[in-house]
Structure formats: structure tokens, C-alpha cells
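For the record, the sequence lines run as chains X and S.
Quick note on our numbering: the first sequence kicks off at 157 and runs consecutively.
Quick note on our numbering: the second sequence kicks off at 157 and runs consecutively.
None of these hints come from the bench; they were simulated from the model.
One thing to keep in mind: the hints can contain errors.
Partner residues are not named here, just some residues of chain X that face chain S (Cβ under 10 angstroms, in silico) [stated by the list, open to error]:
(1) Pro217
(2) Gly218
(3) Ser235
(4) Asn250
(5) Ile265
This structure is a prediction, so every number in the text was calculated from the model and none was measured.
Every residue gets a Cβ at the ideal spot worked out from N, C-alpha and C, and that includes glycine.
Number of protein chains: 2
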Amino acid sequence: MNGFASGEVSALARVALQQAQLAEQVMQSRTPAAPCPLCIEDGGVLVAELDACRVVRAGEPGFPASYRVVLTDHVAEWSDVHIADQLEVMRVVNVVETTLRAHLHPTKINLASLGNVVAHVHWHVVARFDWDSHFPAPIWARPQRAVDPAHLAVLTQLMPAVDEALRQQLLPW
Amino acid sequence: MNGFASGEVSALARVALQQAQLAEQVMQSRTPAAPCPLCIEDGGVLVAELDACRVVRAGEPGFPASYRVVLTDHVAEWSDVHIADQLEVMRVVNVVETTLRAHLHPTKINLASLGNVVAHVHWHVVARFDWDSHFPAPIWARPQRAVDPAHLAVLTQLMPAVDEALRQQLLPW
């Protein structure tokens, strides 16, 4: 029915079981001796702190308009985040995105939740410009060009106003 | 009040206006003569088609367990997607993630909505393994190692069963 002969199915099941055992060993070996950095530090300039998450401006080198929406709880995978927290986090991601678009008119917004190095859910929200060092490649790829420092300087100067607009939308009291 | 002198504010406003005009020119110059590829092609092996989105297995080279959740409508930015469609798309992203985790026990799941090249909302959902060519770097970064072809072969063999599990969860009739 599934297109496999029964011998193939058990071979695949055996492989899957081995993979599961291997993954468990890897997870155990990766249990950090040191505490998670996103549990003990803001991870950037703290812009707003809500119940489910906080917004920090990461200001990654070459990308002044890069924010992170960091889950408050230490959870590694998005699908393990409680649905109420998922909704709140995605609401905040939307606010960061719309604020970046309104203030900076970027060529594109990039969203990503990777966490391969720091396995604590955090969304990257990055305003991309056609003049930036990597566009249209992802910010983690090989650079495409040298950046005009004047472009970066202008963008950097605009960021405190973006922070303030985010604060006003996320913390409206 | 915002820490800027009024001269600085008008200088910043002028820069922001110039940026907005530039962005509009860029957007106009980027209006494709050819139709959007994700509007005319599935963009991978079609696994399930729902109202708001479809799931395709992208099978990017070196990453057999890479799926895309492609918005049905042609919308460039996530925050322009109708909230009902956002909720449906994120539900589907959750299903893809949990299915990949249950079947493949990856080291980590990576989620990303970039769209710098094809500006039609699509979520990358990729199962990452500590043995893969790039781990722990993003899949778009510089490779970290050569991959054991046996690992890739095993993973590739498991993918039709993952497709089938996805279909059963997303199209339960």
C-alpha cells in the first residue's frame, strides 16, 4: 500500500530507530554545562518586554535593522511553544515587521527561527535593502558586495526612532 | 522628547523620504515581466494543497528533509497576509515541523520566510542534523564539512513516508 515491500519497511523502521537513538545520544551530549545565554542575557538592546517574549535590537554587523523576538521560556523548538505564546510571539513579529516597513521602507523583510547554536526560540526579523552586503542572498550567506558606509550610517541613525515606535506599539500604557 | 534636536529630526525625515522614494523606484523596477514562479509552478513535489497554502517538498541539494509552505495568494510580505491565512499557514508550519520531528528526530528544525529572490510568501521548514553539510550554520552559509553519502541516502529514503504522514494529517478525509 505504501509502495514498500515488507522487508524494506522493517529495514526503514530499523534505520529510523537507530536515528532516534542517535538523536537522543546527541541531545544528551549537547545538554549545556553553562546556562542558556538567552536565559541569562537580553541578547541585544532591550526594546520591549512582554509576558511571552521580549524584543531586542540585535544590530548584527552590517545589518543595523535586525531585531530578535526572544521567547521568555526556554524552549528549543517552535512546535513545543504553547499555542497562546505562539500567537503572542507572532503578533509581536508582525508589529516589528510593520514598524520596520513603515519607518525604513526596506526592499524585503526576512523572518527566521533557526536556533542551531542557541536552541532557545528566537525570531530574527531583519529589514533588508537592495544595497546591503548580502542582498538578495540571506544574511548568513556569502557577501555580494561592499557596502557604502553612508547607507549604513543613515540606517543606524534611524534605529532609535524605530525602537521608540516599537515601544509605543508594544507597551501602549 | 525623542532625544533629537528639531534640525536633526527634519534631516532624518528627509532621509526617510528619500529612502521611501528610492524603495518605490526599486519596487517598480523589480516588477517582473515574467509571472511569479510560485504563482505558476508548485515549487517542489506537491504534498498537500489547502485553501490558504500548499506544502511542497523542496528537497534542496544536501537537505532532503526540506519543505516549503507556500501561500496561495501572491503576497510579498508576511505582515500583508490576512490574519486568517497567517493562522492557517502557521498551523501547517507546525504540522510540518512536528511530523519531521516525529519521523526523523532531527537535531533542530529551521524555519524561515525570506523571499528576497522570489517575493511570494513561502516558509522554509528544514530538518537539520548535526552531520549535515552546514550544521550548526544556516543552510545558506558556507559548508562546514563533507557529508557522508550514506546519511543522505538514508534520509532520502525516509522522505516518501514523511510526505504520506503529512498528507494524512493535512488532508484527513
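_In rising order, the numbers of the hints this structure does not comply with_ = Result: hints 1 and 2 break, sorted rising.
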